[in-house]
Structure formats: structure tokens, C-alpha cells
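With the sequences and hints as input, model every part of the structure.
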Amino acid sequence: MAQSPRSPTSQAPYLTVSVTDPAKMGNGVQAYISYKVITKTNFPEYQGPEKIVIRRYSDFVWLRDRLFEKYKGIFIPPLPEKSTVEKFRFSAEFIEMRRQALDVFVNRVASHHELQQSEDLRTFLLEDEQTMERERSQETGIFKKKPADFMQIFKDVQSKVSDVVLGKEKPVEESNPEYEKQKNYIFQLEDHLAEAQKHAYRLVKRHRELGQSLSDFGKAVKLLGTCEGNSLGKAFSELGAKSEMLSIKLQREAHHLLMSFEEPLKDYVRAVQSIKATIAERAIAFRNHCELAETIKFKEIDLNKLRLTRSEKLADAEREYEQLKADGKESKRKFETIVKLMNQEIARFQEQKTIDMGVAFHEFAKGQANLAKSIAEAWRSLLPKLEACSFFVQNPDA
Amino acid sequence: MNTLERSGSGSVVQSPRSPSPQAPYLTVSVTDPAKMGNGVQAYISYKVITKTNFPEYQGPEKIVIRRYSDFVWLRDRLFEKYKGIFIPPLPEKSTVEKFRFSAEFIEMRRQALDVFINRIASHHELQQSEDLRKFLLEDEQMMERARSQETGIFKKPADFMQIFKDVQSKVSDVVLGKEKPVEESNPEYEKQKNYIFQLEDHLAEAQKHAYRLVKRHRELGQSLSDFGKAVKLLGNCEGNSLGKAFSELGAKSEMLSIKLQREAHHLLMNFEEPLKDYVRAVQSIKATIAERANAFRLHCELAETIKFKEIDLNKLRLMRSEKLAEAEREYEQLKADVEESKRKFETIVKLMNEEIARFQEQKTVDMGVAFHELAKGQAHQAKSIAEAWRSLLPKLEACS
Numbered sequence: 001m002a003q004s005p006r007s008p009t010s011q012a013p014y015l016t017v018s019v020t021d022p023a024k025m026g027n028g029v030q031a032y033i034s035y036k037v038i039t040k041t042n043f044p045e046y047q048g049p050e051k052i053v054i055r056r057y058s059d060f061v062w063l064r065d066r067l068f069e070k071y072k073g074i075f076i077p078p079l080p081e082k083s084t085v086e087k088f089r090f091s092a093e094f095i096e097m098r099r100q101a102l103d104v105f106v107n108r109v110a111s112h113h114e115l116q117q118s119e120d121l122r123t124f125l126l127e128d129e130q131t132m133e134r135e136r137s138q139e140t141g142i143f144k145k146k147p148a149d150f151m152q153i154f155k156d157v158q159s160k161v162s163d164v165v166l167g168k169e170k171p172v173e174e175s176n177p178e179y180e181k182q183k184n185y186i187f188q189l190e191d192h193l194a195e196a197q198k199h200a201y202r203l204v205k206r207h208r209e210l211g212q213s214l215s216d217f218g219k220a221v222k223l224l225g226t227c228e229g230n231s232l233g234k235a236f237s238e239l240g241a242k243s244e245m246l247s248i249k250l251q252r253e254a255h256h257l258l259m260s261f262e263e264p265l266k267d268y269v270r271a272v273q274s275i276k277a278t279i280a281e282r283a284i285a286f287r288n289h290c291e292l293a294e295t296i297k298f299k300e301i302d303l304n305k306l307r308l309t310r311s312e313k314l315a316d317a318e319r320e321y322e323q324l325k326a327d328g329k330e331s332k333r334k335f336e337t338i339v340k341l342m343n344q345e346i347a348r349f350q351e352q353k354t355i356d357m358g359v360a361f362h363e364f365a366k367g368q369a370n371l372a373k374s375i376a377e378a379w380r381s382l383l384p385k386l387e388a389c390s391f392f393v394q395n396p397d398a
Numbered sequence: 001m002n003t004l005e006r007s008g009s010g011s012v013v014q015s016p017r018s019p020s021p022q023a024p025y026l027t028v029s030v031t032d033p034a035k036m037g038n039g040v041q042a043y044i045s046y047k048v049i050t051k052t053n054f055p056e057y058q059g060p061e062k063i064v065i066r067r068y069s070d071f072v073w074l075r076d077r078l079f080e081k082y083k084g085i086f087i088p089p090l091p092e093k094s095t096v097e098k099f100r101f102s103a104e105f106i107e108m109r110r111q112a113l114d115v116f117i118n119r120i121a122s123h124h125e126l127q128q129s130e131d132l133r134k135f136l137l138e139d140e141q142m143m144e145r146a147r148s149q150e151t152g153i154f155k156k157p158a159d160f161m162q163i164f165k166d167v168q169s170k171v172s173d174v175v176l177g178k179e180k181p182v183e184e185s186n187p188e189y190e191k192q193k194n195y196i197f198q199l200e201d202h203l204a205e206a207q208k209h210a211y212r213l214v215k216r217h218r219e220l221g222q223s224l225s226d227f228g229k230a231v232k233l234l235g236n237c238e239g240n241s242l243g244k245a246f247s248e249l250g251a252k253s254e255m256l257s258i259k260l261q262r263e264a265h266h267l268l269m270n271f272e273e274p275l276k277d278y279v280r281a282v283q284s285i286k287a288t289i290a291e292r293a294n295a296f297r298l299h300c301e302l303a304e305t306i307k308f309k310e311i312d313l314n315k316l317r318l319m320r321s322e323k324l325a326e327a328e329r330e331y332e333q334l335k336a337d338v339e340e341s342k343r344k345f346e347t348i349v350k351l352m353n354e355e356i357a358r359f360q361e362q363k364t365v366d367m368g369v370a371f372h373e374l375a376k377g378q379a380h381q382a383k384s385i386a387e388a389w390r391s392l393l394p395k396l397e398a399c400s
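Those protein sequences? They're chains A and B, same order as listed. By the numbering used here, the letter at position 124 of the first sequence is numbered 124, and the numbering carries on one by one without gaps. By the numbering used here, the letter at position 287 of the second sequence is numbered 287, and the numbering carries on one by one without gaps.
Please keep in mind that the hints were generated in silico from the structure rather than gathered at the bench. One or more hints might be untrue.
One-sided excerpt, in silico: chain B residues whose CB lies under 10 Å from chain A [unchecked claim]: (1) E183; (2) Y195; (3) L199; (4) A210; (5) L213; (6) R216; (7) E219; (8) N236; (9) S253; (10) M255; (11) F371.
Partial chain A-side listing against chain B, Cβ under 10 Å, derived [to be verified]: (12) S83; (13) E195; (14) K205.
Cut-off 25 Å, straight-line C-alpha distance, at most; resulting in silico cross-link-like pairs (DSS-like, lysine-lysine) [stated by the list, open to error]: (15) K353(A) to K244(B); (16) K208(B) to K234(A); (17) K259(B) to K373(A); (18) K83(B) to K259(B); (19) K244(B) to K198(A); (20) K62(B) to K51(B); (21) K376(B) to K219(A); (22) K234(A) to K193(B); (23) K205(A) to K208(B); (24) K215(B) to K81(B); (25) K376(B) to K259(B); (26) K244(B) to K181(A); (27) K259(B) to K205(A); (28) K229(B) to K198(A); (29) K259(B) to K191(B); (30) K366(A) to K259(B); (31) K366(A) to K376(B).
Note that the structure is a prediction, hence the values are computed from the model and not measured. Glycine included, every Cβ here is placed at the ideal spot set by N, Cα and C.
Rendered as C-alpha cells:
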């Protein structure tokens, strides 16, 4: 890590980014959210300790696509999804969830020992908005794989995996049992994760509904209390007030569940999908290499034919053959780089996910415990008030 | 000579079979619901067990089989005979066909019928009723005959609704000064009626939301169970300490889902049902208000009729008509009727005043108990839920 020439004393290299201040720009269908991206670093290439730029969601997508193209084998951190529901697109909750996810994305890139060196990252963090817009529009067609292409690659990978398993066709897939196991694990994990995340989201929704119900109940009971005049009326009012208070606690816990548990779970799902994209890249690199190897064999046969017939096309063919051999070497190198990087990445992923999920679960259990505790205290605090009311007759059996 | 202390429940006659003096008692239990018949004719029968030392009951214990319509018959007969007294309410007929034979509905109905019959048995006037004795002692065929005799004579639900509407419209008409009231102009009573009508609205609203609260508890419980299962599957897929954490979380979620379902059931039986019972009681009071209004209107109409009759009589006297003697007889009859209608009305008024005081007191106690049960139960449940989650924390911290 090069030391910043401006620092008088040696300092550990750092690069931290924050994505803040979402602001709505434009109107109608053209409207979008822009974010302030603040970079703090002592990397020499960044020419300054701090830089602030304005970015929008499609800029982040551009960065992700460029990294995916350039760093095959590395699990590119996942991005939050495009919003499918129009009316939800500008809700405070959605904007905050997206801002958080984008902040996590950029910092994961910035803290990855390879990705943080990326020139595209520097472009993203330093260039002004017009330069950024120009970069983005240049990329369509060359780099950007459209979602449909990704889906086709996934389908190819998945069908090839199942075909190999079912012994249906001669595999153009690696016959590497260790890798096979990893791939099956990733596909199975995605299914189970998506299911768990779906139910975690429903759990958030049910907390909200229970909270709303408690609020309606509290209001109705308070009205009852005003209608009765005596100690019973007072008891109704106390019960109503307590219900309304608990409703607020439930809504707060629903929000906490969403941000501290359901979002990390969703993030895990996205990460696994990002890994599937890398699996597809590895499959493509392997297939490329195999096809080139086949082509080289056929070229050798051709060459021998031409040598025997002493053809004048021999020189050309020999030049093409040398080129093919170079390409073959290059495709082998590319494939082996991806394999090496993937092995490192899988270990890194497992470790990071274990920590992240451990924290998320802890938050979940803690949140639920705290909610239950305050519910218990709220009800218990009501008991002496009920007992103080004149109607309450001490039951010796209670 | 055996003497008996006068007990609060009224009956003072000592059972001839008891060698020593014993306080009079009459307790009933409604138990053992059983499905009888098939298809659309199917219904639930209950075992009604009476334990008493009332002499009219000729025995310390009697068991009979009754169905819901028998309870309805008893309620209707008591309503006719004891005007002014708030007849205890019955649980509603089931409107949803598929729910009619669910275990929960049957249990809720059985409880409500048991409460109904015991309230009658412990009411100092109603417990003397001959119809109650018939209900508690006769065999099923006698009961069926008694039930079929009653249709057409006593009021159908539609009639009740019409009376309610009349009472309500008359109250609002009086308030709005719309018509010359054939209602009592008794400010104290007016206040009581307004209180009852307002109470019914607010109670029905509160009970509706209490029921929704039960439903939401159930849905949250179901959601936690689904979540627990999904997380356990995840745990099997991962192999390491993370998988173990997933499995623990999943198992705990499933366990707590069961607690939540139990909590929902407890809420339903110990709070929502008493609230619904309160709503029914208030509707029963409205029926008595309607009866009082009827009695008052009857008396007023008779009083009007008598005035006209007096005028007629004087006319006939002046004309020395031969119809005079008959008219004088009719007049005496009318005077007797007026006396009777006045007496009936005043009885209702007196009984209602006692009943309102009794109702307020009893309801206050019942709801107080229901609230206390609710708060205690909820606090207890929440505490064990908090402990369950907290016990998971060190296991999660130990992982990874």
C-alpha cells in the first residue's frame, strides 16, 4: 500500500465511503433519487483526503457491471433490486433501505483487497456527474449483459448441472466433485434462503398488523371508558391507554425486525445470486477453453493434411495455428485465474456470511426478547391499578 | 324444630329429606356436548345436570338431555312471564355453517349456556319459575312437545327487532321534539336509556376489535411457525456453527408459535367472550326497556279510552238509554283493566330499578375479573416468551 506523500508520519491506508442525503430530483416518470457519496481516503491515486460527488442508482449498476466484467472469479458485492412497485418507489422506508444497501455495497468494494484498486471505482468516486453520465451511456451494448442474458447463462448452468447429474449428455462441464458439491450447495442455499426471507418479511407484516389491531382496540376501549363513569370506566381507560402504548412498541419492533434482520437476510440472498453469476462466468471460461482445445486439435489435423499436400496455404495455416495456441494458453490462464480467485472468495464469503448472519440472528432474538419484556412489564404495571379499583375483590384463590 | 337462615338466594323451605338444616342450593352444569343426527338435521345435544335441595325438585340430582332450542324456549318463557327482570342472555345462533361443529364454537357455546342457566338458577325470582323446573326435569319428548306448542304465541325475533326500532325511534323523536311522546317523561330513566344505547354501540365496537386482536395473535403465531420451519431447513443446508444457530432459532420460533396460539385462545375465552357476554346482556336490557315502553303505552291508551268511555256514559245517562247498564259494566271492566295495566307497569318499573343496580354491580365485578385475568395472563405469557428468546442469546454468541 503506497503511503500518501502528504502525510508527515506513516499511516495505515484507508478508503471509506458513505452514501447519504437521498434527494428526489426531477418530476413525474423521469423523477429519481440522487445520493451524496462522500469518500475519505489516503490512497495516493485519489489525490486528496476527501471528495464528495452526486450519484444515482444507475451509476451504482454501472460500477457493478464494470467490476463483474473485469474481475471474473471474484464475488462482486450485490446491489439492492430495482423497485417493481411504482408507488413504493419514493416511500421513506424504501429510500432508506436502498441508501443503506448502496452504502454497504460501495464499502464492500472499497474494502476488498483487489476491487479497491479498480480504476472504475475511482471513476465512480471522483468524477463529476456529466463525466459519469457519459461513461454510463457508453457502456450499453458492449459490457452490459442484459438480465435476459444472465438468466440464459443461469439456465445453461443449471440445466448442465442437472444433465450431468442425470447422465443425460456428455458434459462440457468440469468433472470436479469438490466444485460440484459447492455448486449444489449454492443452488440449494438460494432456495432455502429465499423461503426464509419470504417468511421473515411476513413476520414483519404480522407484527405491524397486530400493532394496528392493538391501537384500534385501545381506542375503542377508551371510548367505552368515557361512557362508563365509575371505577370500571377508569379500568377501561387504563387498558385502552396501555394497548395504544404497546401498539407503538410493536410497530417499532416491526421496523427493527425489517432493518436488522430481514434486510441482512435479503442481502444474503443477493450475495448468493451474485455467486451464481460467477459460477456462470467460470462455466463460460471452461467451455471457451474446451472449445479452443477442440479447435486446436482439428487445426493440427488440417495442418498435417496441408503439409502432406505441400499446399501454399500452409504458411497461413501455421500462423493461425500459433495464434490459436496462444489463445488456448490465454483461455486456460483466464479459467485458472477464475478457479483460484473463486476458491479464495468462497472461503471469504463463508466467513463473512457467518459473522453477518450471527449478528442478524442476535439482533432478532434480542429484539423479540426486549419486545416481550416490555409487553410483560406493561401488563404487570396494570395489575395494581386494577386491584386498586373499588370493584376488585381479593380472591384468596388468585 | 329445624330452622333455616334466610340465604341471599331466597328460597327458605327446607328439604323434608334433610335430617339437619342446610342452606338451599340449586346448581346446574351443562356438559358433554354430543353431535346428533346427520347432514342439515344435525345438532348438538348437552347433558344438563341439576343438583339441588329445593323441595319442588323431588330429588338431589337429575340429569336430562337438552339442545340449543330448548334453552331458547326457556329464555322466551321467562321473558314473557317476568317483565322487568333482565333475563340472562343466550349465545347467538351460529351464522357460518362450517363453523357450527368446530370444537372451539361448541366449547364457547357450552360455556355460555352453562353461565346462562346458572344465572337463572341464582336469581331470587327466576329460580322459582315453573318453566325452569320443566326445563331441568322433564324428559326430552315432553320438552319437544312444550317447544312446539310455543311457536306463534310468543314473539319471533322479527317482532323483537320491530319493538327495538320503535323504542329507539321514539327516544330520538322525543329528543328531537318531533312528536307528542307516548313515552314516560322521566329524566332519570331517560338518562339510563341513553346510557344503555350508547353502551351497546361502544361495547360492540370494543368486542369487534377484541376479536380482531385474537385473530392477529393467531396469524402472528402461524407466521412464526412457517418462519421456524424455513429457518430449520436452512440450518440443514449449512453445515457449520451457522447451521446450528439457524436450527436453534427455527426450533425456538416453532415453540413460541405454540405459545402465541395458546395466548390467542386464552384471550378469546377469558376476555373476548366476557366482553361478548356483556354485549348480549345489554341487548337483553334493551328488550326489557321495550317491554316497559309497551306497558306504559298500554296504560296510557287505556287511560285515554276510559276518558272517552266516561263521556259516552254521561251521554247515555242524559238520554236514559237502555244501553246504559251494559255501558256501565264495560266501564267498570275498563277501570279494572286500567288498574291492572298500572299495576303491571309499576311492577316493571320497580323490578327494573332493582335489576339495573344488580346489573351494574355484577357487570363491574365480571369485567374487573376479566381484565385482571387478561392482564395477568398476558404478562405471564410475555414473560415466558422473553425468557425463551433470551435463553437463545448465549447459544448465538457461542456460535462462530
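Tested hints:
Checking E183(B) against chain A: minimum C-beta separation of about 22 Å lies over 10 Å; hint violated. Because the closest C-beta pair between Y195(B) and chain A is about 7 Å apart, less than 10 Å, the hint holds. Of the supplied interface hints, the one on L199(B) holds, with its beta-carbon coming within about 6 Å of a beta-carbon of chain A, less than 10 Å. Interface hint status for A210(B): upheld, as the beta-carbon distance to the closest one in chain A is roughly 6 Å, under 10 Å.
At a threshold of 10 Å, the smallest CB-CB gap from L213(B) to chain A is about 5 Å, leaving the interface hint in force. Hint status for R216(B): holds, given a least beta-carbon distance of 4 Å to chain A, under 10 Å. Among the interface hints, the one on E219(B) holds; its C-beta lies about 5 Å from the nearest C-beta in chain A, closer than the 10 Å criterion. Contact between N236(B) and chain A, as hinted, is supported at the beta carbon level, the nearest pair being about 8 Å apart and thus within 10 Å.
For S253(B), the shortest C-beta to C-beta distance to chain A is roughly 9 Å, which falls under 10 Å, so the interface hint holds. For M255(B), the shortest C-beta to C-beta distance to chain A is roughly 12 Å, which exceeds 10 Å, and the interface hint is violated. Because the smallest distance between the Cβ of F371(B) and any Cβ of chain A comes to about 5 Å, under 10 Å, the interface hint for this residue holds. For S83(A), the interface hint is violated, since its Cβ never comes within 10 Å of a Cβ in chain B; the closest pair sits about 24 Å apart.
The criterion of a C-beta within 10 Å of any C-beta in chain B is met by E195(A), whose closest approach is roughly 5 Å, and the hint holds. A least Cβ separation of about 8 Å between K205(A) and chain B falls short of the 10 Å threshold, and the interface hint therefore holds. Between the alpha carbons of K353(A) and K244(B) the distance comes to roughly 14 Å, so the proposed pair stays at or under 25 Å and holds. Restraint check for K208(B) and K234(A): the C-alpha separation of about 21 Å stays at or below 25 Å, so the hint holds.
Taking the CA atoms of K259(B) and K373(A), the gap is near 15 Å; set against the 25 Å cutoff, the hint holds. Of the pairs offered as hints, the one joining K83(B) and K259(B) is violated, with about 47 Å between alpha carbons and a cut-off of 25 Å exceeded. For the given pair, K244(B) sits about 21 Å from K198(A) by alpha-carbon distance, which is consistent with the 25 Å threshold. Simply put, K62(B) and K51(B) have alpha-carbon atoms about 7 Å apart, close enough for the 25 Å limit, and the pair holds.
A distance of roughly 21 Å separates the Cα atoms of K376(B) and K219(A); the hinted pair therefore holds under the 25 Å criterion. Restraint check for K234(A) and K193(B): the C-alpha separation of about 22 Å stays at or below 25 Å, so the hint holds. Of the pairs offered as hints, the one joining K205(A) and K208(B) holds, with about 21 Å between alpha carbons and a cut-off of 25 Å not exceeded. Between the alpha carbons of K215(B) and K81(B) the distance comes to roughly 40 Å, so the proposed pair goes past 25 Å and is violated.
Taking the CA atoms of K376(B) and K259(B), the gap is near 15 Å; set against the 25 Å cutoff, the hint holds. For the given pair, K244(B) sits about 20 Å from K181(A) by alpha-carbon distance, which is consistent with the 25 Å threshold. Under the criterion of a C-alpha separation no larger than 25 Å, the hint pairing K259(B) with K205(A) is consistent with the structure, at around 19 Å. Proximity of K229(B) to K198(A) is assessed by CA-CA distance (about 12 Å); at most 25 Å being required, the pair is judged to hold.
This hinted pair does not check out: K259(B) and K191(B) have alpha carbons roughly 45 Å apart, beyond 25 Å. In summary, the hint linking K366(A) to K259(B) is supported, as the alpha carbons are separated by about 18 Å, within the 25 Å threshold. Straight-line distance between C-alpha atoms of K366(A) and K376(B) comes to about 24 Å, which keeps the hinted pair within the 25 Å bound.
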